Amino acid sequence: MGWNYLWLELGILHHIYDNRRGEGMGWYSSATTIAMALGPVMGIWVTDSYSYNTLCLFAILLSIAALIFASSVKTPYQNKTKQEIRKLNLNSGLFFLVLAASLALSRPLSGK
0 MGWNYLWLEL GILHHIYDNR RGEGMGWYSS ATTIAMALGP VMGIWVTDSY SYNTLCLFAI
60 LLSIAALIFA SSVKTPYQNK TKQEIRKLNL NSGLFFLVLA ASLALSRPLS GK
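Sequential numbering from 0 applies to the sequence shown in numbering that gives the first Met the number 0.
None of these hints come from the bench; they were simulated from the model.
A couple of the hints might just be wrong.
[As the list claims (entries may be wrong)] Per label pair, the in silico range of CB-to-CB distance: (1) 16 <-> 49: 38 to 44 Å; (2) 108 <-> 41: 30 to 36 Å; (3) 41 <-> 8: 30 to 36 Å; (4) 37 <-> 106: 15 to 21 Å.
Computed from a predicted structure; not experimentally measured.
For each residue, glycine too, the CB sits at the ideal point set by N, CA and C.
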């Protein structure tokens with residue numbers, strides 16, 4: 000699940016204009032926070048009021064709606080230079096290095 004979230008976030012980040020990246024990531028973070036707050040509430044409400052089959056059907060319908068909305072997004076092609084691609088690779092490498100180090104340090108402390 001975490002990998003899916005990472006690739007989704009990188010895909011969204013790629014489609015945001017450079018001069019509006021802060022605003023775009025703010026909207027994305029707000030939407031993610033709202034979804035994490037409302038998702039469990041809606042799931043419990045659907046399973047209490049109906050059934051797990053209805054919950055699965057509801058999730059499938061929401062996924063189809065999300066695919067339709069996502070396919071309607073049109074963004075112009077942004078040609079990235081080799082220097083920008085190298086910078087992105089360096090930043091992602093640094094990200095995964097810090098992630099691995101933090102996991103290596105936190106796992107023994109948490110007991111997992």
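Results for each hint:
1. 16 <-> 49: 38 to 44 Å: For residue 16 and residue 49 the Cβ distance comes to about 42 Å; the hint holds.
2. 108 <-> 41: 30 to 36 Å: 35 Å, holds
3. 41 <-> 8: 30 to 36 Å: 23 Å, violated
4. 37 <-> 106: 15 to 21 Å: Given range 15 to 21 Å: violated, Cβ gap about 31 Å.
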